[in-house]
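Engineer: What follows is the residue order along each chain.
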Amino acid sequence: MSKIAIVTDSNSGITKEEADRLGIFVIPMPFMIDDEHFYEGVNLTQEEFYEKQTGGAVISTSQPSPEEVCRLWDQILLNYDEILHLPMSSGLSGACQTAMMLAQDAPYEGKVFVVNNQRISVTLHQSLLDAKILIGKGFDAKTIREKLEEDKFSCTIYIMLDTLEYLKKGGRITPAAAAIGTLLKIKPILQIQGEKLDAFSKARTLSQGKSVMLGALKNDIETRFGGVVPAPGKVWLKIAHTANEEAALQLKEEMLEIFPGYEVEIAPLPLSIACHVGPGALGVGCCQKTFA
Amino acid sequence: MSYQEIDAKMLSKMFLAGAKCLESKKEYINELNVFPVPDGDTGTNMTMTIMSAAKEVTALGEAPSMEALCKAISSGSLRGARGNSGVILSQLFRGLTKVIKTYDKLNVAIITESCEKAVETAYKAVMKPKEGTILTVAKGISEKAAELSAAGVTDLAEFVGQVLEHGRYVLSQTPELLPVLKQAGVVDSGGQGLIEVLSGAYDALCGKEVSYTVSDNAPSDEKKTSAGQSEADIKFGYCTEFIILLNKNFNIKTEMDFKAYLESIGDSIVCVCDGEVVKVHVHTNDPGLAIQKGLKFGQLTNMKIDNMRLEHEEKLFKEAQKAEEQKAKEVKKPKEPPKKVGFIAISAGEGLSEIFKSIGVDHVIEGGQTMNPSTADILDAVEMVNAENVFVLPNNKNIILAARQAAELTTDKNLLVIPTKTIPQGITAVINYMDGSSVDENEEVMISEIGKVKTGQITYAVRDTVIDDKEIKKDDYMGVGDDGILANGKELTEVVLETVKAMIDPDSELISIYYGSDVSAQDAEAMRNEVAKANPNLDIELQNGGQPIYYYLISVE
Numbered sequence: 015m016s017k018i019a020i021v022t023d024s025n026s027g028i029t030k031e032e033a034d035r036l037g038i039f040v041i042p043m044p045f046m047i048d049d050e051h052f053y054e055g056v057n058l059t060q061e062e063f064y065e066k067q068t069g070g071a072v073i074s075t076s077q078p079s080p081e082e083v084c085r086l087w088d089q090i091l092l093n094y095d096e097i098l099h100l101p102m103s104s105g106l107s108g109a110c111q112t113a114m115m116l117a118q119d120a121p122y123e124g125k126v127f128v129v130n131n132q133r134i135s136v137t138l139h140q141s142l143l144d145a146k147i148l149i150g151k152g153f154d155a156k157t158i159r160e161k162l163e164e165d166k167f168s169c170t171i172y173i174m175l176d177t178l179e180y181l182k183k184g185g186r187i188t189p190a191a192a193a194i195g196t197l198l199k200i201k202p203i204l205q206i207q208g209e210k211l212d213a214f215s216k217a218r219t220l221s222q223g224k225s226v227m228l229g230a231l232k233n234d235i236e237t238r239f240g241g242v243v244p245a246p247g248k249v250w251l252k253i254a255h256t257a258n259e260e261a262a263l264q265l266k267e268e269m270l271e272i273f274p275g276y277e278v279e280i281a282p283l284p285l286s287i288a289c290h291v292g293p294g295a296l297g298v299g300c301c302q303k304t305f306a
Numbered sequence: 025m026s027y028q029e030i031d032a033k034m035l036s037k038m039f040l041a042g043a044k045c046l047e048s049k050k051e052y053i054n055e056l057n058v059f060p061v062p063d064g065d066t067g068t069n070m071t072m073t074i075m076s077a078a079k080e081v082t083a084l085g086e087a088p089s090m091e092a093l094c095k096a097i098s099s100g101s102l103r104g105a106r107g108n109s110g111v112i113l114s115q116l117f118r119g120l121t122k123v124i125k126t127y128d129k130l131n132v133a134i135i136t137e138s139c140e141k142a143v144e145t146a147y148k149a150v151m152k153p154k155e156g157t158i159l160t161v162a163k164g165i166s167e168k169a170a171e172l173s174a175a176g177v178t179d180l181a182e183f184v185g186q187v188l189e190h191g192r193y194v195l196s197q198t199p200e201l202l203p204v205l206k207q208a209g210v211v212d213s214g215g216q217g218l219i220e221v222l223s224g225a226y227d228a229l230c231g232k233e234v235s236y237t238v239s240d241n242a243p244s245d246e247k248k249t250s251a252g253q254s255e256a257d258i259k260f261g262y263c264t265e266f267i268i269l270l271n272k273n274f275n276i277k278t279e280m281d282f283k284a285y286l287e288s289i290g291d292s293i294v295c296v297c298d299g300e301v302v303k304v305h306v307h308t309n310d311p312g313l314a315i316q317k318g319l320k321f322g323q324l325t326n327m328k329i330d331n332m333r334l335e336h337e338e339k340l341f342k343e344a345q346k347a348e349e350q351k352a353k354e355v356k357k358p359k360e361p362p363k364k365v366g367f368i369a370i371s372a373g374e375g376l377s378e379i380f381k382s383i384g385v386d387h388v389i390e391g392g393q394t395m396n397p398s399t400a401d402i403l404d405a406v407e408m409v410n411a412e413n414v415f416v417l418p419n420n421k422n423i424i425l426a427a428r429q430a431a432e433l434t435t436d437k438n439l440l441v442i443p444t445k446t447i448p449q450g451i452t453a454v455i456n457y458m459d460g461s462s463v464d465e466n467e468e469v470m471i472s473e474i475g476k477v478k479t480g481q482i483t484y485a486v487r488d489t490v491i492d493d494k495e496i497k498k499d500d501y502m503g504v505g506d507d508g509i510l511a512n513g514k515e516l517t518e519v520v521l522e523t524v525k526a527m528i529d530p531d532s533e534l535i536s537i538y539y540g541s542d543v544s545a546q547d548a549e550a551m552r553n554e555v556a557k558a559n560p561n562l563d564i565e566l567q568n569g570g571q572p573i574y575y576y577l578i579s580v581e
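Chains R and F supply the protein sequences, listed in that same order.
306 is the number that the working numbering gives the last residue of the first sequence; the numbers go up by one with no jumps.
581 is the number that the working numbering gives the last residue of the second sequence; the numbers go up by one with no jumps.
Hints in this document: simulated from the structure, not taken from any laboratory.
No false leads were mixed into what you were given.
Dumping the calculated DSSO-like pairs for lysine-lysine here, alpha-carbon to alpha-carbon at most 30 angstroms:
#1 F:Lys-364 to R:Lys-182
#2 F:Lys-445 to R:Lys-199
#3 F:Lys-363 to R:Lys-199
#4 F:Lys-476 to R:Lys-232
#5 F:Lys-303 to F:Lys-320
#6 F:Lys-381 to R:Lys-199
#7 R:Lys-232 to F:Lys-364
#8 R:Lys-183 to F:Lys-363
#9 F:Lys-272 to F:Lys-328
#10 R:Lys-210 to F:Lys-364
#11 R:Lys-199 to R:Lys-210
#12 F:Lys-95 to F:Lys-421
#13 R:Lys-182 to F:Lys-381
The task is simple: from the sequences and hints, build the whole structure.
Structural biologist: Quick look at the structure:
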């Protein structure tokens, strides 16, 4: 049986401790903030990021340099036979495309398998855990990649933004999402589905938004993932947020009232998303338990 | 004169006389509004509804066929329907003409049958028919007709006269059926309008001289005019209006004499005496003569003389210009495939229009409190929205029926009326629209969400009244909530704060304030600060609504 390593980037939201424990390698995402280079989780914490963002700093995201990616792969391949590489969604960044290109050439061809399953944040994190499970079951990297890509739509994320300000500055949303509400204070609710971050609905207050998201989640679970709410078992529930932990904990309680007994994971959204949605965002999601 | 039968020519005369009579009492009927807010002009709405039909009737000439006449009355009033009372009036005509269009001459039995049909149709048009309204008066009329018919009455003048008398009696009883009327000390305004129509028709039947032509500039706020009238058609050039403050006795004889004199110098005569004042309206080539005659009875006030020939030229010019623009627009707009869903909102004020457009509304019809758009206005807007399904947001309880009527008349698109009663409800409905969901799902979500936003509207009282056990003085500020008056008083800030207080509950998060055209940005900002001070835990949003009549529209959600 070949020895398989898992590589991801900091968009999976995996903490350093967890990554160390599971033996997962993490590439930090680079940021340019007011012309200075930063690496997520290396020399840039969540707190520092939001401080700069709300202070009006000019922030741009970038993808990891091919050189860094290759250097990590080279190092890993000294000790492992194969690599499963799970970058952030190809719909939101060129990182996946770059990795796929690199993996086609020697010396990585047949050794590095880039998983293009269009996930990010809590759902990408779930893919890492799924990959661990599949490795444990003895599949080779190529088969695991196929299985994960087949399963790419078995998840869903809804995010409610506190403000439209940062969304307008960013470029990774469809025109429909950018056009909503220019006069009224509106909290847009976005959906990450497959490769796109798109407008799903709108709300004017926090409770309206939460009710829309939880309703949409329940609908997805029942119509797409074969679940019957309130019976748990088919999915893992997720909550993600940007600098909004208190609201996330409150939401977890409300979520458990509708979905009693479900497993709920709370995680901060990665900074690549925070860059576009700004602080105060709150999201819900779920992943189907396909491989458990 | 005694008739056993009425032919189409006579019916046409009677209808036009009825329309005229209603028009002359328009202002009086407007004043009968229960709610002392400056809106919901029943008289104006009913007049515009019937005038739309009267124009089509006039266009048929003096001797139309019964079928053509019925079609003109029915379709004209249907398309011109404005406001709830206007829609009900149009439905009464629709039911009435359904029966009589199959006959050439009408007798008591046929008229009785048509009245029954009219009442049945009108009751069906209203989701929750209320007694003590125009419906009750119509029903009373129909019942009296049946009674007289059964008793063997065949003389039409006697028949209509008795029916009218009974109608007046039923009208006088409306305050007994509707407590709000009793408290305000008025009879139902829609019922009054119906009686005026019947009364005009009765006058015509009895051979009382009335002008049967429908003047082009009346009602004065009618937007559309019948095209094609040439300048030569204007026989009398000056539209002359004034009010006489009587200092001499003005009895029925003097009234008749005065009208006869006016008829000798012009047409389109309206001469109404309300005890102390006489309102005069005449189209004549010599306004001086009318004014001199008026001066004999007292001082004159509210004098207005317009040269209709010049106005007419201007109007023709403007119409031509508009037609050109319309054509240009059509050329510019190539026929694109229709989108799936479009939105139409009815709202008054530039700020609110902007807000509606910013959240995705395709077309905003200017209208609302004082100006209820007609079914035809809504149909015009629907025409302009290139979509398979069109959601209509009336944003006023007095426009919902007209919108529903438009939905019934639309065949090439699926028109869905979301029954929004206020502007904030309309905004909430659009915000809750979800692109991915089906039209039916969206309709359901929007209807359920509009119930979750509370609205308070700050305006002033147009007269003294008692309502919801609150004593309100003329010019008081009032906060009108979804279910009645929340606050009233002399201080605007206090009324606003009290209104907001009555609207919030522990789950409230956001107060939106839309300030009207009579409020300056600074005053609005100051008001926001006052509201914020009183509600420190809530988000407050201030927007320039630019709406007339309402100083502030406030929503809490």
